[in-house]
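Residue numbers (my numbering), protein chains in the order written: chain W, 1 to 129; chain H, 1 to 129.
Any given hint could be a false lead.
Using C-beta positions, here's what the derived DEER-type ranges look like [as the list claims (entries may be wrong)]:
id	chain 1	residue 1	chain 2	residue 2	range
1	W	R36	H	A65	46 to 56 Å
2	W	D33	H	K85	20 to 30 Å
3	H	D93	W	H105	40 to 50 Å
Since the hints were made in silico from the structure, they are not lab data. Where a beta carbon is used, it is the ideal one built from N, C-alpha and C, also for glycine.
The primary structure of each chain is shown beneath.
2 protein chains.
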Amino acid sequence: MTQTTSPAAQAVILFGHGARDPEWAGPMQRIRDTMRVRAPGQHVELAFLEFMSPTLDLAVDELVARGVTRIAVVPVFLAQGGHLKRDVPVLLDAARQRHPGCEFHLSLAVGEAPGVVAAIAEYGLSAFD
Amino acid sequence: MTQTTSPAAQAVILFGHGARDPEWAGPMQRIRDTMRVRAPGQHVELAFLEFMSPTLDLAVDELVARGVTRIAVVPVFLAQGGHLKRDVPVLLDAARQRHPGCEFHLSLAVGEAPGVVAAIAEYGLSAFD
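All chains should be modelled from the sequences, with the hints used to inform the complete structure.
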């Protein structure tokens, strides 16, 4: 029998850079809300590298305290750059050491997804509409 | 008769933040290439705020030199933040002063587009697949 994780025990963290301007978090909040509507049983939380809260550390610790045993970190970044290559692996290693019973997965930046590239291209072509 | 601009005389500039890591530009190049395939007569160029070239100034000047009279700047940013509220309007004002015969349009950040939010949400929900 294959071991499965119930939706309630797994979570997605949308991880963004953060900014000083509170309005900056609007799209991430709308992405989170869209995911919650499409997958009601799925934990979806936000976390930020800087300027905004919670940090990735705090978001992970709170999910684990709620019984989550499997976390996917989805970087809401346009591309794989220094933050994702250097900073995020260090944060994830620390999370793994704090929570050896939790499984962590790190996705590629959202901008690397073909469906996201296509949606941005479509938006770009509507610029003169 | 309504005055129209031929596709050859208008251009879209995909404007991104830029980063030290060359790989960072990959998604923007793929967005540009997708747009060129979908709209073969449409000029589509990249420009960057920092770290990468060309700058927005240079991209605009080159397009105007090629006869473009209408430019849409599409910010490939996840959200409206300080760069788009402060830096880009200053750059666009300077471009308008240099090229009074060219019409400029500034789009909202790509992350504000509902289709892009939906595509990122879909990607986020596939994180455990």
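Results for each hint:
| no. | hint | result |
| --- | --- | --- |
| 1 | W:R36 to H:A65: 46 to 56 Å | holds, 49 Å |
| 2 | W:D33 to H:K85: 20 to 30 Å | holds, 24 Å |
| 3 | H:D93 to W:H105: 40 to 50 Å | holds, 45 Å |
Hint compliance for this structure: no hint is broken.
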